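With the hints as your guide, set chain B onto chain A.
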Amino acid sequence: MMPPHPRRPRSAYAAVALLALLLIGPTACGDGEPAATGTVETVTVTVAGGTVSPAPSRIEVTRGQTVRITATSDVADMVHVHGYDRSVTLQPGVAGTVEFVADRDGLFEVETHGQDLQLFQLVVR
Amino acid sequence: MWLAHGVGGRQDLPIPFGLALTGALVALVVSFVALGALWREPRLGTGTEPPRPLPAPVQRVASARAWPWLCRLVGLVVAAYVGLGFAGPDTADNPTAGVVYVLFWVGLLPLSLLFGPVWRALNPLRTLHLLACLALRRDPSRGLRDLPSGLGYWPAAGGLFAFVWLELVAPHRVSLPVIGGWLGGYAVAMLAGAVVYGSRWFDRGDAFEVYSAVVGRLAVLARRRDGTLVRRHPLDGIAGLRPAPGLVAFVVVLLGSTMYDSLSNAPIWVRVLQSGAAPAPLLGTIGLALVCALVLAAYLGATGLAGRFGGRPVRECAGELAHSIVPIAVGYLVAHYFTLFVLEGQRTLALLADPLGTGADWLGTGSWTVRALGTSPAGTALLQVTVIVLGHVFGTVLAHDRALRLFDRRTAVVGQLPLLALMVVYTTAGLLLLFAA
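Here the protein sequences come in this chain order: A and B. Position one of the first sequence corresponds to residue 1 (full-length UniProt numbering), numbered consecutively onward. Position one of the second sequence corresponds to residue 1 (full-length UniProt numbering), numbered consecutively onward.
So here's chain B without its partners, still in its complex pose:
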């Protein structure tokens, strides 16, 4: 009977107005400083500062044959353990919702920021496909047909929208049948895609692998194509994210959905949802789609103007600049989910010790009580504004550098103006949502 809660019992306080204003002003100043004082020739991703290999002993350890299989095994075992939760009672003490929304979805962000595309290594669906192919003596990379090049990231963008819809809109989204039904449907879709297109499907079609890979480009650690483990500048990593169909949609859904999550918390939106004008899930779906559409419209408008000012095709600009939105989205995700991850993460780990609700303590975490761990209101507000402004700084620098590459010398400055305006709008909107929603 106790369905509609479990995740997010406590939410962050709105940030003080002065702090939001300061953040917006800093973002504005940074933008103009970037325009006037940053470098005049493109520097990112040009190989002028090649990634430096890590020391040989580290390389030897990291290149051990056992690692890929160890990761796959960990992915399978953790997935199987988490699956036990579906056999437990559907109460607030069931860990499944916390595992899916907090430990997995939010936790994927810090893991990817530290270690790169981790979900590719852990993904139990990829492993299941690999094992099935090994059993049938088939080449896992070969499917029934080739992956169409026009497909790009579109399946991943669709999968991401489906997941954020589950997380933010779906009725009874913390109940086991809803979570289980969604995950089951997703697993079937992913495995079917892999059967048709081979294992490369996961690289472009699996929303979580794409998310982890896109965000993981900001990691300092990376693997070179020959397998060498290197240390690189995060901006070089993200500048290497090349345009592909659906990439803009994916990044826009990432940013738009997080903004909708903030907005949906505002009393004014709660009143709309409960007004009875239409079923709440329908209104929620419209709201989520509308916020994503607004984020997209701003993006296409700004990159279109930039293209016109800079004398480059509008479509090309939209794809070439998509990477600069990633740090802004990441900053906003961190700001939005930091305390949830720290507080609900602890609670979920405690609940995970007893997934069947039998009073067991299999992980030894059952007696944990949730500790604040530095999540004071003042500290949290400061962190939120700082990461949003940092995301803005990264985004501005990336857009600046890409504009220098796209546009010629004369039009580079004027071509950047719409992009700077776009970033200031995104950042201010994010700060405003933290203040008001």
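With the rest of the complex left out, here is chain A:
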């Protein structure tokens, strides 16, 4: 049998938790106001034979920046920007363009909805 214990040092892990918060806290508060820039981020994507080129990656923009996506596909398809709910219908071999101001921060997938291919991920900070 275990000897009886008067009290568990509850304060011990409360203190540890607090320490964790304090240590982490200051590092997260470095974000300032996003500076909206006048430049346009242009992204060109081609889909051929079920392959996306350039291969899917992350494209970072600043909040407030304009994003212009030009996509060409060898089959009829539709490009959809998640979160912003913007889309453009693609005719085979004809470039389609969708343009919008990236005014919400977050990570958004840009996909085609016919072939279900991810074109790239838009990172808005």
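Incorrect hints may have been included.
To be clear about the criterion: a stretch of chain A counts as covered by chain B if any three or more of its residues have a C-beta under 8 Å from a C-beta of chain B, and this derived list gives those stretches [stated by the list, open to error]:
#	region
1	62–71
2	75–88
3	96–102
Where chain A lies over chain B, by a calculated footprint (3+ residues, C-beta under 8 Å) [stated by the list, open to error]:
#	region
4	11–22
5	266–274
Since the hints were made in silico from the structure, they are not lab data. Please read these numbers as outputs of a predicted model, since none were measured by experiment. All C-beta atoms in this analysis are idealised placements derived from N, C-alpha and C, irrespective of residue type, glycine included.
Chain B alone, transformed into the frame defined by chain A:
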């Protein structure tokens, strides 16, 4: 035509590297502090600090006979209402996917953390079985045969894997036929299990009841065996989760699937899925199974080493320490799903007002617009790292306490080293995924 989206339109930004690093360092420091400075005798779940009953007026209200039936009725009515969505148009404005993946699956976590095993009280399948038994004048707890003791949590672990596969891998997983087919199959399997083994089947076989019960052990509120409502320490609650066959598998799938969810978002994995080397669902299934297998291998390796150092059977250690992974999994689930729950949850509640797509506003929520409610990128990143580190702290304390019980005085410290290493690996992997994926 508009199938492949609806849930998760916006995702969290990757957390800053400095924050991930700080979190990992804190986890490391906490581990060594735990080893050196925490108590030297097992204290959790020993009854040294018995749960305190809530005040008598609260007890009287909580013990009212009507509660169980009220909960069952709520479960049935909500399930029936949600079922209406299957009669609506299969578009992005159909609430069903959001209800299943966000309100139900993610929402079950905070509900269980607050109130304990809530799904046992609400589960409409359990209620249907109970009603059928009452109509046939049969004892619901008696089935055609006894529940085999070796079965343990294995059916629930299988059910959980099937659900996370639906959530993370299945093609067209937000479309009504896929969700409906899965739920229909699951309901048939659960009701068949209940017919064969009686209502106890749900306690061990229903993935959602087991999830709610396992996570609900971290709730401060609990019911004692005699029905008294008590306030207990969350660590005492989770330390009471006893080993059973399949428990390790269940906990590993819980943690592994959430890690795969992060990983599958990384561009490198997207490239693999779209490479055309094999059908994407097959690659996704392999990836999900592989991440779970890695989490399991790390777990078995560490608990095996701990057993060898501490002089205890390896199998016993694996089962005895499974509970310490639960807070780590919970921390990771909260980090992963917090903003999804807040943002998509609001959107789903708005869509739920009009499940048939007729322009109705039955719940009065139809005009809601999604509000940020404190989900700023900096705040979210801070919250994510904090809950992961908190999960690590809880896990470390639980493993420390259990090691003291399993191992004798001389081997307790060295026996803990592999466990600490395991937790640091899980936590760092989680932080790394939040940073890179």
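Verification of the supplied hints:
no.: 1; hint: 62–71; verdict: violated (count 0)
no.: 2; hint: 75–88; verdict: holds (count 4)
no.: 3; hint: 96–102; verdict: violated (count 0)
no.: 4; hint: 11–22; verdict: holds (count 8)
no.: 5; hint: 266–274; verdict: holds (count 4)
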